[in-house]
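Enquirer: Residue-level listing of the chains:
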Amino acid sequence: MIKHLFKLIWNKKKQNFLLITEMFISFLVIFAVFTSLVYYYRNYKKPMGFSYDNVWVINYQNAKKFQSTDSVTQYYATLTAMLKSMPQIKALSFASGNVPFTSSMNTTGLSYKGVSYSPVNYYQTGDGYRDAFSMNLLEGRWFNQQDVVSTYRPVVINASLKEQLFGNGSAVGQLISDNSNSSIKKIKIIGVVQDMKDKGDYLPSGMALYNRIDTGAMRWLGQLIIKVSPDADAAFESKLYKTVANYMKDASVEIQHFSKKRISTNKSTLVPITIFCIVAAFLIINVSLGIFGVLWYNINRRRAEIGLRRAVGATGNSVSAQLIAESLILATLSVIIGTFFAVQFPLLNVFNLQAGIYITAMLLAIVFIYLLVLLCSLYPGRQAAAIYPAVALHEE
Amino acid sequence: MLKNYFKIAIAVLRRRKFFTFISLFGISLTLTVLMVLTAFIEKLTNPVYPGDKNNRSLYITRLTYTSKKGWINSSGSSFYFLTHYAGSLKTPVKMAIVSSNSSSNAYVNNKKVVIDIRYTNAHLWDVANYQFIEGKPYTIDQINRADRVAVISERTRNEYFGEGATVVGKFIEADNINYRITGVIKNVPELEEVFYANMYLPYTVSKKDYRDKGFQGDYSAVLLAPSEQLLEKMRAEYEQMTARIPLPDKAFDTLHSNADTYFETYSRPFFGKADNNGYVRFIVFISLFVLLFMLLPTVNLVNVNITRIMERSSEIGVRKAFGASSKTLVYQFIIENIILTILGGIIGIILTVIILQVINRSGLIADLDLTVNPIVLLYSLLACLFFGLLSGVYPAWRMSRLNVVTALKAQ
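In order, the protein sequences belong to chains V and F. The opening residue of the first sequence carries number 4 in my numbering; numbering runs sequentially from there. The opening residue of the second sequence carries number 386 in my numbering; numbering runs sequentially from there.
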């Protein structure tokens, strides 16, 4: 049966070649759409890992000239004390520019037992950072005052980095090397936190390394994160702004809310993918109409052949089954060619995505193409089944 | 003759309405997407407001140090670097110096107003064509005296003082400092990397010291050449000059500071590097994208067209039998196809106008005003013709090779 259908297709290879090309290109488009959708969906399903409600960031660019490191420390300690005295402020921490939901990135490389790991997101955080974002501690502890005197620089890592470095083993107390700059420094892991999706709901957290801010860094830091109580309103924000701006006379100051930053970050991820999906959807509608039209026309041309089959005893169903099977074989041929190209993506590790994403997308694309072709050939198939042998043969 | 072809084409279109619908649907949508895309690119590469002198301007936006070890350090330039080095060029008539955006908040009646601030020199107002709704820009004297004066945008005025208020001479507070307003300008789209801001202040009132002698900072410059012809000369002069600048930092071995056209300020970060403006790569990338994008609708159209021709085999047979040459038939069919694509193109243009209106109203990108202008229209008509030829040639060739006998017998 199948062999016979292949012969039928081969006899009209010129015409079918175009159809196969069309399905093949559609397969690639669908594959691209599904790859990105699966990628974003997988990230979206992961837990956020932190809480951003009622967390604000004060961005400041301080142009003040300090005489010594001590005076810097003193200057910001006064500010911290002033803010902590406000009842609405629950927690606060200074931080480097790569706070959640900003485009700012800072990465480093790590090595452990001779293997290098990069890129690792590198954060400068204060003792209150974990409380401000309510981060989940999986192992060990967060930074505190004792860390000032430790022999090795203490760091907290996230679950992704821990899995890369130690698998299921324990991470706390291990020593690793930080390859940033030219000097290699030994650092000691004191805690592991859950992954924090700080680049938006749809993007992965990546590997992360949290460092405790040392006094030298205070000169160039420009972010202060605060967690406020739910009753903090615009009036409080205005008061807070006045306090900070009055204290930092040489700085330009801005307050942002993480809940708003999250919305705009997500928007910048979603808008391109939505446009992409809409365009792809129109392409597919276009193609399906085309395939439908061509199949329909072909069946009209084959009325005589169908009439003859009916006359020698084929049922309506078997006629429509034959036509549908023919188009499904065409779909199979194009899917085989398409899969050959699609498989190259995980094999060559293009775009650094996990192979699982490509394979899921490929399976979805295959199912989609079959469904599309099936839908497009169902109606022409029904039409063919309705051909009366007498009428069809009479026309001949 | 052409009139005849036109009549036949219309008759054929009306015969099989479903196929006509498929063709028109495909053509108009493909062209709509391309036209919306060109409208965006056109807006990016050829803005009218406020950079109307872009064809004789060069932008200096980044200053990058590289070393052979692979280290890169990239930032804006310092005010000192721009005045001292870029300011020493002979060709430019004016040089605008503008800082990067910094945001500040103001609280009016317990409502937060976000203000994007830039510090500028006085030449900015000559290099870019800001439209003043009220008042005028600040002057060189005011800058030299470090007066606390400001030019604000229409949006900031509306948010801070209320819709349509007269504000020149009034004070606006940002970072706890009061600035006297000298003028209000029409809003600038945020896409304008150098010219956009809500509040412009003299560089002398900046809290950072503009006299700092380091090369890296957060300023950009726009050089204005006396004429378009002298643009390349100005660029060459800047290149020669930067090659001679002594490196302040021994850790790096090359300093890159480029004077780019407006378009290259976009192509360089995405497609180029410190030593490549990415223009060629950008064009190749866009052409590849457009080709790939048009491939699917074209194959679809070819497919539909072939089906339609086979339907007309008897007509072709008769014409051939009466002595029409293959060339005439190919010619006729291509004309028919072009008529079809132009019809699709007209529908596409209508759709584009609607979609652009929706995008403008949605406020997806603030102050962006996308329009179908003559250039976009020209591009789309070209795309139309290209599309028509692309999808018409192969079916026409297949048709012209039809054997007269088979064509007639098929009936």
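Since the hints were made in silico from the structure, they are not lab data. One thing to keep in mind: the hints can contain errors.
Claimed, not checked - If you anchor each label on the Cβ, the simulated ranges turn out as follows:
hint, chain 1, residue 1, chain 2, residue 2, range
1, V, 108, F, 632, 39 to 47 Å
2, V, 139, F, 731, 52 to 60 Å
3, F, 636, V, 273, 37 to 45 Å
4, V, 14, F, 396, 27 to 35 Å
5, V, 273, F, 731, 51 to 59 Å
6, V, 88, F, 460, 36 to 44 Å
7, V, 154, F, 674, 51 to 59 Å
8, F, 551, V, 217, 46 to 54 Å
9, F, 486, V, 139, 29 to 37 Å
10, V, 316, F, 674, 50 to 58 Å
Every residue gets a Cβ at the ideal spot worked out from N, C-alpha and C, and that includes glycine.
Enquirer: Each of the hints needs a verdict: does it hold here or not?
Expert: Evaluation of the provided hints:
For the hinted restraint 39 to 47 Å between residue 108(V) and residue 632(F), the CB-CB distance of approximately 27 Å leaves it violated. Between residue 139(V) and residue 731(F) the C-beta distance comes to about 59 Å, which sits within the given range of 52 to 60 Å. A beta carbon spacing of about 41 Å between residue 636(F) and residue 273(V) agrees with the range 37 to 45 Å that was offered as a hint. Checking the proposed 27 to 35 Å range against residue 14(V) and residue 396(F) shows it holds: the Cβ atoms sit about 33 Å from each other.
The hinted range of 51 to 59 Å is not satisfied by residue 273(V) and residue 731(F), whose Cβ atoms lie roughly 33 Å apart. Under the hint 36 to 44 Å, the C-beta atoms of residue 88(V) and residue 460(F), about 37 Å apart, fit the expected range. Separation of residue 154(V) from residue 674(F) is about 55 Å and conforms to the stated range, judged on CB atoms against 51 to 59 Å. The hinted range of 46 to 54 Å is satisfied by residue 551(F) and residue 217(V), whose Cβ atoms lie roughly 52 Å apart.
Taking the beta carbon of each, residue 486(F) and residue 139(V) are about 35 Å apart, inside 29 to 37 Å as hinted. At roughly 54 Å, the beta carbons of residue 316(V) and residue 674(F) sit within the given window of 50 to 58 Å.
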